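Those sequence lines, one after another, are chains A and B. Heads up, the first sequence is in the numbering used here, so the first residue is 2 and it goes up one at a time. Heads up, the second sequence is in the numbering used here, so the first residue is 2 and it goes up one at a time.
Careful, some of the hints might be misleading.
As the list claims (entries may be wrong) - Pairs of lysine to aspartate or glutamate, EDC-like flavour, derived with a Cα cap of 20 Å:
1) B:Lys52 - A:Asp425
2) A:Lys331 - B:Glu23
3) B:Lys52 - A:Asp423
4) A:Lys412 - B:Glu232
5) B:Lys412 - A:Asp58
6) A:Lys52 - B:Asp425
7) B:Lys71 - A:Glu198
8) B:Lys421 - A:Asp425
9) A:Lys178 - B:Glu232
10) B:Lys421 - A:Glu198
11) A:Lys280 - B:Asp423
As the list claims (entries may be wrong) - Negatives, chain A to chain B, calculated, CB over 10 Å:
12) Ser41
13) Leu49
14) Cys131
15) Phe144
16) Ile199
17) Lys331
18) Asp382
19) Asn459
20) Thr461
21) Ser469
22) Lys473
What the hints assert, rightly or not - Covered stretches of chain A, as calculated for chain B (at least 3 residues, CB under 8 Å):
23) 11 to 18
24) 55 to 61
25) 70 to 82
26) 158 to 168
27) 404 to 410
Please keep in mind that the hints were generated in silico from the structure rather than gathered at the bench. The structure presented is a predicted model; accordingly, all values stated were derived computationally and were not measured. Glycine included, each C-beta is placed from N, C-alpha and C at the ideal position.
For reference, the chains in residue letters:
There are 2 protein chains.
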Amino acid sequence: MSNYEFIMKLALERGFYFPSCEIYADAPAGFWEYGPRGVSIKNKFIDLWRKELVRRDSMMEIDGSQIMSKSVFVASGHIGNFTDPIIKCKKCNSTFRADRYISEKTGENVSERALDEEISQLITKYELKCQNCDGDFGDVTRFNMMFRVGIGPAAEEAYLRPETCQTIFVDFARVFKTMRGKLPLGIAQIGKSFRNEIAPRQSLLRLREFYQAEIEVFCNPSKLDDLPRFEQVKNTVLNIYEERETVTQVKAGEAVQEGILPNRLVGYYLSLLNEFYSKTGIDMKRTRFRRLSDTEKAFYASIAFDFEVETSIGWLELVACNYRSDYDLKGHSATSKQNLEVIDPLDQSKVLPHVFELSMGIDRSLYTILEHSYFQDFEHDNRIVLKLKPYLAPVSVGVLPLMNKDGLAEKAEGIFADLKQDFDTFLDVSGSIGRRYRRLEEIGTPFAVTIDKITMQNDTVTIRDRDSMQQKRIPVSELSNFFHCALQDSK
Amino acid sequence: MSNYEFIMKLALERGFYFPSCEIYADAPAGFWEYGPRGVSIKNKFIDLWRKELVRRDSMMEIDGSQIMSKSVFVASGHIGNFTDPIIKCKKCNSTFRADRYISEKTGENVSERALDEEISQLITKYELKCQNCDGDFGDVTRFNMMFRVGIGPAAEEAYLRPETCQTIFVDFARVFKTMRGKLPLGIAQIGKSFRNEIAPRQSLLRLREFYQAEIEVFCNPSKLDDLPRFEQVKNTVLNIYEERETVTQVKAGEAVQEGILPNRLVGYYLSLLNEFYSKTGIDMKRTRFRRLSDTEKAFYASIAFDFEVETSIGWLELVACNYRSDYDLKGHSATSKQNLEVIDPLDQSKVLPHVFELSMGIDRSLYTILEHSYFQDFEHDNRIVLKLKPYLAPVSVGVLPLMNKDGLAEKAEGIFADLKQDFDTFLDVSGSIGRRYRRLEEIGTPFAVTIDKITMQNDTVTIRDRDSMQQKRIPVSELSNFFHCALQDSK
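Chain A extracted, bound-state conformation:
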């Protein structure tokens, strides 16, 4: 099994994630659910994101509707541009995403932005037929990836947002004004986005409904190097990968000086992102900021870096870092006929802010954390351990009575009841103690408290460390303080 398959098995069997509507034959592909362990790690990941990015930089977090009006996506360009090329078999009606189909069948590298004519020519050139019935394909057409919904009895046209950031752009004027904003201002949001993928795949990695954590930094384009807080991060080491070059390890300050990064604002936010991920337990040696070429960038981006990580199934994009310039506010301003300029208080100039974004995929990030934490311990019984950072582990403490007699179970219940008020605690009474340790290790539980006969004599318990398997004995009265420190310090 590959590590991807190991993680999938663990996810399905241990309550991390599993397919949506799985008891039904008509369950659509590309929809997944978080089980109890998945919810817990997701919430802790989001807490860390809030602490390390939103709170640290005094950003403002909003939470908007997922269904938005048609005008929003006329202005954003999604009605016109957010399409995939598709081909349909004239005989059996099978439909495929054209660029992918050609790549898979021929090995030819087809750009996501290839024109319909180019795609048609390739189909003719390679004489491609339907893989299901050998039929001929019709013309290349365009499929818009937004989900349309109809509002009210008249079914007014509206859409599920394909990226959470559109909410931030549309709400910018009110938030900036009522919250007394000052440029540069980060506005952040966690929420669902929706893309009607033609071929969703690989569980959490290409979903039709997915979680984004997006940050849009509104800035004055004439002051991108005027950022005193850049000092805080100038020594942060980034892995930067430019087109077809090797990875450069460079401090943020030097990267800006040498023109590897365009300005301090970009350098600052890439550094914050880097520092955030280094606390998630992802192996930072296997990460890079990859600068995208002009043919790879999204239609709204003028400069783009993808934060990528290496996994068992290749390099994955976790965060798109796009300098969107004034593309969005200009579009919304023109379509809505609202003036979205703001005053820069330093010189009282009017400015239509530019935007630099950190658009993070939460689901993919969680997958990567699981994969990079996965460890098979061949020296100890082939035990499987998720070496999660203690503050991200879905269960922080396991409580295990060594035996189910002599009052040990009741004692364990009391300790469990106390600890669960403050920590994610799991009481496990059934099975051998070794098997119970294994179950805790598999889901990454950093600490196990064992109640034994000595507990009944002097009110002490052992605490077992997941990674070292070492145990030490401490008084029950000190447990709460111990875990507070252990889960806090590790941040």
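Chain B: place on chain A using the hints.
Just chain B now, with coordinates in the frame of chain A:
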């Protein structure tokens, strides 16, 4: 202005909530956004819900997809039953929700479950015409309130879920098995639901896209009184309101004994809910559990209590507490052809669990907390104060340099930088100190730290209490500990 209008003004001007897509003329009604203050209070409300319900009762929390397959809603009955009666003007095509239209025009009390013939008869009886053009209405028809979406290029039929609990029912078998569940087992979920209301209104109170916090307790129907942990809540006092009777204040234990509540399981969960809300700052004297009559209950409920609160615009339902029996699992089992029975380990019997649910509206709950906290202090300058529980306040601490000279601002920035790592902290440097206190009080900030000339001499600051307006002086080094205790103890 009514209190509803006061809260609306505050919400719009101070970043609590505001209409979605508001810069666009085609913004659909019934969609609202949370601004920074709204997100903060919402997150804290959810944390409290997790602590007081999910964690306390060792429930399992999941997070599923919002788009679900058609079969789910065939089984749940929503395809057939989740409809509103509508009437359409034959002349101008205006469409109205029929039962509401009749109630508004005639004062006649039309049940949500009235049959189409009954509605038609009322329209004829009162000779109702279109309010826009005086035209005649066509026949009463049915409008399904679910939003339909099409999946993939073939636009396979699927729906945005109208209640989050369907996810829980569909996922029940896997969660129960992989998490080694035991009855009674609460499965909880926070998420969005969607209802295509014909006439959304009153901001957060009737939305087309809204947040639910739902708990489905799966139980063995033959053991509804077999619940040792009922002891913990037997003295919890509940306000129970039976059909057209006065409110009875009664302890949970007595309510079960006297048959006011049907069994201990229902009594236990209503009590947990009551204890949770008593910690939100809602005025519990203005709450009641109202037992619904047979004509009021939802189509899936066999016993139903609504947890209601009194507000300036009448009694609002915050939580629907429904005994759904085996309605849902039976439906999903029949439609999916899966056996959803589980083993009760106590006697090894097979059982198709029954369900008791606590279906909470988060948006409405937040509105109520704001309204019940709203206080105009006529003795002090007519100041407006949100007397929020400190642990729910969107900003916990305001940091205010008394003047913008003599190094006070820099000192304040240092204190702000320290505190914001652990607390929701806001630095405000502009305007008179009185005005800055007012701004903090309006958004419910429990504490203000003022940096003055004495601070520069001996490193002490004053802490001002929002409600009493009293100030006391403490060393800067003790601030963090002070706030940790103040925000913790108040829970």
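We went through each hint and held it up to the structure:
| no. | hint | verdict |
| --- | --- | --- |
| 1 | B:Lys52 - A:Asp425 | holds (10 Å) |
| 2 | A:Lys331 - B:Glu23 | holds (16 Å) |
| 3 | B:Lys52 - A:Asp423 | holds (8 Å) |
| 4 | A:Lys412 - B:Glu232 | holds (19 Å) |
| 5 | B:Lys412 - A:Asp58 | holds (18 Å) |
| 6 | A:Lys52 - B:Asp425 | holds (10 Å) |
| 7 | B:Lys71 - A:Glu198 | holds (19 Å) |
| 8 | B:Lys421 - A:Asp425 | violated (25 Å) |
| 9 | A:Lys178 - B:Glu232 | violated (52 Å) |
| 10 | B:Lys421 - A:Glu198 | violated (40 Å) |
| 11 | A:Lys280 - B:Asp423 | holds (17 Å) |
| 12 | Ser41 | violated (8 Å) |
| 13 | Leu49 | holds (13 Å) |
| 14 | Cys131 | holds (14 Å) |
| 15 | Phe144 | violated (6 Å) |
| 16 | Ile199 | violated (6 Å) |
| 17 | Lys331 | holds (13 Å) |
| 18 | Asp382 | holds (22 Å) |
| 19 | Asn459 | holds (28 Å) |
| 20 | Thr461 | holds (25 Å) |
| 21 | Ser469 | holds (27 Å) |
| 22 | Lys473 | holds (27 Å) |
| 23 | 11 to 18 | holds (count 4) |
| 24 | 55 to 61 | holds (count 4) |
| 25 | 70 to 82 | holds (count 4) |
| 26 | 158 to 168 | holds (count 3) |
| 27 | 404 to 410 | violated (count 0) |
Hints 8, 9, 10, 12, 15, 16 and 27 from the list above are not met by this structure, while the remaining hints are.
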